[in-house]
Amino acid sequence: AQRVTQPEKLLSVFKGAPVELKCNYSYSGSPELFWYVQYSRQRLQLLLRHISRESIKGFTADLNKGETSFHLKKPFAQEEDSAMYYCALSDNTDKLIFGTGTRLQVFP
Amino acid sequence: DGGITQSPKYLFRKEGQNVTLSCEQNLNHDAMYWYRQDPGQGLRLIYYSQIVNDFQKGDIAEGYSVSREKKESFPLTVTSAQKNPTAFYLCASSRTASNQPQHFGDGTRLSIL
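Going line by line, the protein sequences match chains C and H. Quick note: the first sequence uses my numbering, first residue 5, plus one each step. Quick note: the second sequence uses my numbering, first residue 6, plus one each step.
Calculated from the structure, these hints are not laboratory results. Check before you lean on any hint, since a few could be wrong.
To be verified - Keeping only pairs whose Cα atoms sit at most 30 angstroms apart, straight-line, the calculated DSS-like set for lysine-lysine is: (1) K62(H) to K19(H); (2) K14(H) to K76(H); (3) K26(C) to K69(C); (4) K19(H) to K75(H); (5) K13(C) to K77(C); (6) K75(H) to K13(C); (7) K26(C) to K61(C); (8) K14(H) to K13(C); (9) K88(H) to K13(C).
What the hints assert, rightly or not - Taking beta-carbon pairs under 8 angstroms as the criterion, some of the chain H residues facing chain C (in silico): (10) L32; (11) A36; (12) G45; (13) G47; (14) L48; (15) L50; (16) N104; (17) P106; (18) G110.
Predicted model only: the values in this text are computed from it and were never measured. Each residue gets a CB set at the ideal place from its N, CA and C atoms; glycine is no exception.
Using the sequences provided together with the hints, build the complete structure.
This is the structure we're talking about:
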């Protein structure tokens, strides 16, 4: 069965430190993966998707099919990055399968 | 201002009462979704609809019902059969095609009195 695993419920770092939010998936086909972010008092929004291969707000994510991972990385965390982050997988249908989310706290 | 509008923002339900959560979108999206968000459990799919007058059950459809009479609207009814309805409910929409990103509303928080 398709599954998305985010092993960390909470990740705390200091401003300027590197950040890596982990995401592992299980899916037998060729997946499409997304990262969504929910800032305090804002709606859930798309951060990036692997097919776009772009960097948004300094974040990047590389799909590693061998390790079935799609970790989200940023070299220097900022306080405004504090939010809830969700990894999601599309099984080539209209549906998304979400992980349980990781809360990122960036301290000054 | 384009997007998805959910109402109300907060809703209280008495035991044995059905309540309906509203979701409207003006993005001209064919597909719409309802999720339930509980602490530590992420988003779980309740129902989704790919086209008007058609919808499918998601992973946790028991105790819920939906309708899709108009492209813009996808209301969710939480029935008295749902034994643990207290949660945050999110509505989303997307274009109908594989692997399309979903756009979300602000959510409705439902509580039991």
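Where does the structure disagree with the numbered hints, that is, which hint numbers, in rising order?
6, 10
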